[in-house]
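Work the whole structure out from these sequences, hints included.
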Amino acid sequence: MFNYEKRLEYPIKIKRTDARMAKAILTQYGGPDGEAGASMRYLSQRFTMPYREVMGILTDIGTSVTK
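Okay, so the sequence shown: first residue is 2 according to the numbering used here, each after it adds one.
Just so you know, the hints here were simulated from the structure itself, not pulled from any lab data.
We put the CB at the ideal spot given by N, CA and C, even for glycine.
Among the hints, a few may not be true.
Derived lysine to aspartate or glutamate pairs resembling DMTMM-like cross-links, with alpha carbons at most 25 Å apart [to be verified]:
hint	residue 1	residue 2
1	Lys24	Glu10
2	Lys7	Glu36
3	Lys7	Asp19
4	Lys24	Asp34
5	Lys24	Glu36
Here are the simulated distance ranges between beta carbons [said to hold, decoys possible]:
hint	residue 1	residue 2	range
6	Asp34	Met56	18 to 26 Å
7	Arg8	Asp61	23 to 31 Å
8	Thr28	Thr60	19 to 27 Å
9	Arg53	Lys16	44 to 52 Å
10	Lys14	Asp34	24 to 32 Å
11	Phe48	Asp19	34 to 42 Å
12	Thr49	Lys14	42 to 50 Å
Below is the structure:
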């Protein structure tokens with residue numbers, strides 16, 4: 002059975018909020034030029050690559066970007 006618990010790996014306490022910094026972080030992760038966008042581009046190119054060696058490299062790069 003699958004059990005999903007939504008909790009942080011490392012608990013944090015936010016002392017004060019900073020909307021400008023939050024916007025910058027979200028842009029880097031979720032924007033078109035962010036890390037998630039780059040990862041998706043590498044992984045989508047993997048499926049059209051005719052060379053197996055390069056296919057493995059694109060998979061490694063695409064999965065390591067999101068870590």
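Hints, one by one, checked against the model:
no.: 1; hint: Lys24 to Glu10; verdict: holds, 22 Å
no.: 2; hint: Lys7 to Glu36; verdict: holds, 22 Å
no.: 3; hint: Lys7 to Asp19; verdict: holds, 23 Å
no.: 4; hint: Lys24 to Asp34; verdict: holds, 14 Å
no.: 5; hint: Lys24 to Glu36; verdict: holds, 14 Å
no.: 6; hint: Asp34 to Met56: 18 to 26 Å; verdict: holds, 25 Å
no.: 7; hint: Arg8 to Asp61: 23 to 31 Å; verdict: holds, 29 Å
no.: 8; hint: Thr28 to Thr60: 19 to 27 Å; verdict: holds, 26 Å
no.: 9; hint: Arg53 to Lys16: 44 to 52 Å; verdict: holds, 50 Å
no.: 10; hint: Lys14 to Asp34: 24 to 32 Å; verdict: holds, 31 Å
no.: 11; hint: Phe48 to Asp19: 34 to 42 Å; verdict: holds, 39 Å
no.: 12; hint: Thr49 to Lys14: 42 to 50 Å; verdict: holds, 46 Å
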